[in-house]
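K.L.:
One letter stands for each residue in the lines below.
Number of protein chains: 2
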Amino acid sequence: MDAPDPFESSPDETRTEMMKATYDALQKHGYSDLTIQRIGDEFPKSKSLIYQHYDGKDELLVAFLEFLLERFKADVPTDGADDAREQLRMIVEYSLGSFDADHADFLGALTALRGQAPYDDAYRNQFADADDFFREHLADIVRTGVEQGVFRPVNPERTAAFLLATINGAQTQRVTTGSDDPIRAARDELVDYIRTQLVVEDQ
Amino acid sequence: MDAPDPFESSPDETRTEMMKATYDALQKHGYSDLTIQRIGDEFPKSKSLIYQHYDGKDELLVAFLEFLLERFKADVPTDGADDAREQLRMIVEYSLGSFDADHADFLGALTALRGQAPYDDAYRNQFADADDFFREHLADIVRTGVEQGVFRPVNPERTAAFLLATINGAQTQRVTTGSDDPIRAARDELVDYIRTQLVVEDQ
Numbered sequence: 002m003d004a005p006d007p008f009e010s011s012p013d014e015t016r017t018e019m020m021k022a023t024y025d026a027l028q029k030h031g032y033s034d035l036t037i038q039r040i041g042d043e044f045p046k047s048k049s050l051i052y053q054h055y056d057g058k059d060e061l062l063v064a065f066l067e068f069l070l071e072r073f074k075a076d077v078p079t080d081g082a083d084d085a086r087e088q089l090r091m092i093v094e095y096s097l098g099s100f101d102a103d104h105a106d107f108l109g110a111l112t113a114l115r116g117q118a119p120y121d122d123a124y125r126n127q128f129a130d131a132d133d134f135f136r137e138h139l140a141d142i143v144r145t146g147v148e149q150g151v152f153r154p155v156n157p158e159r160t161a162a163f164l165l166a167t168i169n170g171a172q173t174q175r176v177t178t179g180s181d182d183p184i185r186a187a188r189d190e191l192v193d194y195i196r197t198q199l200v201v202e203d204q
Numbered sequence: 002m003d004a005p006d007p008f009e010s011s012p013d014e015t016r017t018e019m020m021k022a023t024y025d026a027l028q029k030h031g032y033s034d035l036t037i038q039r040i041g042d043e044f045p046k047s048k049s050l051i052y053q054h055y056d057g058k059d060e061l062l063v064a065f066l067e068f069l070l071e072r073f074k075a076d077v078p079t080d081g082a083d084d085a086r087e088q089l090r091m092i093v094e095y096s097l098g099s100f101d102a103d104h105a106d107f108l109g110a111l112t113a114l115r116g117q118a119p120y121d122d123a124y125r126n127q128f129a130d131a132d133d134f135f136r137e138h139l140a141d142i143v144r145t146g147v148e149q150g151v152f153r154p155v156n157p158e159r160t161a162a163f164l165l166a167t168i169n170g171a172q173t174q175r176v177t178t179g180s181d182d183p184i185r186a187a188r189d190e191l192v193d194y195i196r197t198q199l200v201v202e203d204q
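Each protein sequence line maps, in turn, to chains E and Z.
Heads up: the first sequence runs through residues 2 to 204, numbered per our numbering.
Heads up: the second sequence runs through residues 2 to 204, numbered per our numbering.
Mixed in with the good hints there might be a few duds.
[Stated by the list, open to error] To be clear about the criterion: a stretch of chain Z counts as covered by chain E if any three or more of its residues have a C-beta under 8 Å from a C-beta of chain E, and this derived list gives those stretches:
| hint | stretch |
| --- | --- |
| 1 | 162–170 |
| 2 | 174–188 |
[What the hints assert, rightly or not] Pairwise CB distance ranges, derived in the manner of DEER restraints:
| hint | chain 1 | residue 1 | chain 2 | residue 2 | range |
| --- | --- | --- | --- | --- | --- |
| 3 | E | Asp-42 | Z | Asp-189 | 20 to 26 Å |
| 4 | E | Glu-67 | Z | Asp-34 | 19 to 25 Å |
| 5 | Z | Asp-141 | E | Val-77 | 32 to 38 Å |
| 6 | E | Asp-76 | Z | Asp-133 | 27 to 33 Å |
| 7 | Z | Glu-202 | E | Asp-133 | 21 to 27 Å |
| 8 | E | Asp-106 | Z | Phe-73 | 25 to 31 Å |
| 9 | E | Gly-179 | Z | Ser-99 | 32 to 38 Å |
| 10 | Z | Asp-34 | E | His-104 | 26 to 32 Å |
| 11 | Z | Glu-202 | E | Gly-179 | 35 to 41 Å |
| 12 | Z | Asp-141 | E | Pro-45 | 51 to 57 Å |
In short, the hints are calculated from the structure, not lab data.
Where is the CB? At the ideal position from N, CA and C, for every residue including glycine.
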């Protein structure tokens with residue numbers, strides 16, 4: 002039998018449970034029908050704890066967005082070590098490959114929250130940070146590939162901005178249209194772009 | 002003095018006024034704080050007319066999405082006549098060029114509604130239709146360019162899917178991050194992609 006976990010009721014665990022309850026309520030009811038009551042229904046502890054932590058739905062959802070984007074950043078593949086081509090291949094596969102229902106749900110949640118950003122500074126700032134993070138990660142990979150001589154001497158920032166726009170657009174279309182074929186076509190063309198525009202030919 | 006307009010109170014005009022009221026309320030309050038009450042506040046006629054036309058907020062917003070996407074389709078540049086390169090240039094400029102506040106507001110509204118699509122079939126179907134429309138339009142242009150010999154013999158559907166994903170992604174990032182530089186970088190790279198991958202060199 003496992004020893005009792007001394008952190009079982011730690012603030013961090015409670016926060017994680019609230020975030021999970023928010024995520025589950027979102028998947029069940031959709032963004033526009035999301036209420037504190039419904040989030041509370043998914044929360045295994047007393048609902049009053051939610052109100053102790055957050056002033057209301059708006060504050061809870063900003064914290065939830067922060068939580069999702071932390072997870073998003075942690076999930077971006079950063080392995081593949083020294084090989085820039087392999088790192089880029091992994092990111093394209095992770096972002097636009099055939100992914101499971103959990104990954105689709107996760108992207109759906111992010112897309113729903115991104116839909117709030119045109120009208121909410123807090124959301125806009127968080128998405129700007131997340132996009133910057135992913136773009137800089139891509140630019141680092143491209144820069145490394147150029148230095149290693151496996152990529153052509155492209156502008157890493159510009160290439161990264163282009164890759165990110167294509168990946169974001171294809172992911173968003175995927176979870177907002179339910180149609181996979183065009184996304185596969187966009188991914189195939191992106192892979193070709195990397196092969197013909199980025200990778201040095203005789204590699 | 003203009004003659005009285007016999008269609009002043011036609012069902013079509015009332016519908017347009019309801020759509021404008023919805024749009025104005027959305028810009029003022031954001032999606033998550035949008036209510037029938039607030040839409041009614043922007044509507045110049047009796048609020049009860051809204052309830053005569055729509056069963057509630059959900060039905061009104063689906064009609065609003067349809068209205069926005071009709072306008073979106075009507076706004077996609079289809080001029081430029083016979084020159085495929087010029088048509089494509091106009092679309093990239095229209096989609097990712099320096100556009101005014103009205104265009105940004107319009108894209109913000111579409112992005113907010115797209116955020117509902119992961120959890121709502123009616124929204125998902127409409128966005129699938131709109132994306133198909135834009136993608137087929139792009140594919141037609143690419144196909145024409147290939148036939149004219151001004152574009153290389155690429156796969157028009159695949160190229161169009163790639164162009165659309167990049168355009169959608171860059172537009173969405175623009176209205177959800179408030180940051181313009183990365184979008185400009187993505188557009189510059191897209192223009193280069195068209196020049197080097199699509200246009201036949203000696204044109």
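K.L.:
Evaluate each hint against the coordinates.
P.N.:
Evaluation of the provided hints:
no., hint, result
1, 162–170, "holds (count 8)"
2, 174–188, "holds (count 10)"
3, E:Asp-42 to Z:Asp-189: 20 to 26 Å, "49 Å, violated"
4, E:Glu-67 to Z:Asp-34: 19 to 25 Å, "21 Å, holds"
5, Z:Asp-141 to E:Val-77: 32 to 38 Å, "36 Å, holds"
6, E:Asp-76 to Z:Asp-133: 27 to 33 Å, "30 Å, holds"
7, Z:Glu-202 to E:Asp-133: 21 to 27 Å, "36 Å, violated"
8, E:Asp-106 to Z:Phe-73: 25 to 31 Å, "27 Å, holds"
9, E:Gly-179 to Z:Ser-99: 32 to 38 Å, "33 Å, holds"
10, Z:Asp-34 to E:His-104: 26 to 32 Å, "30 Å, holds"
11, Z:Glu-202 to E:Gly-179: 35 to 41 Å, "39 Å, holds"
12, Z:Asp-141 to E:Pro-45: 51 to 57 Å, "54 Å, holds"
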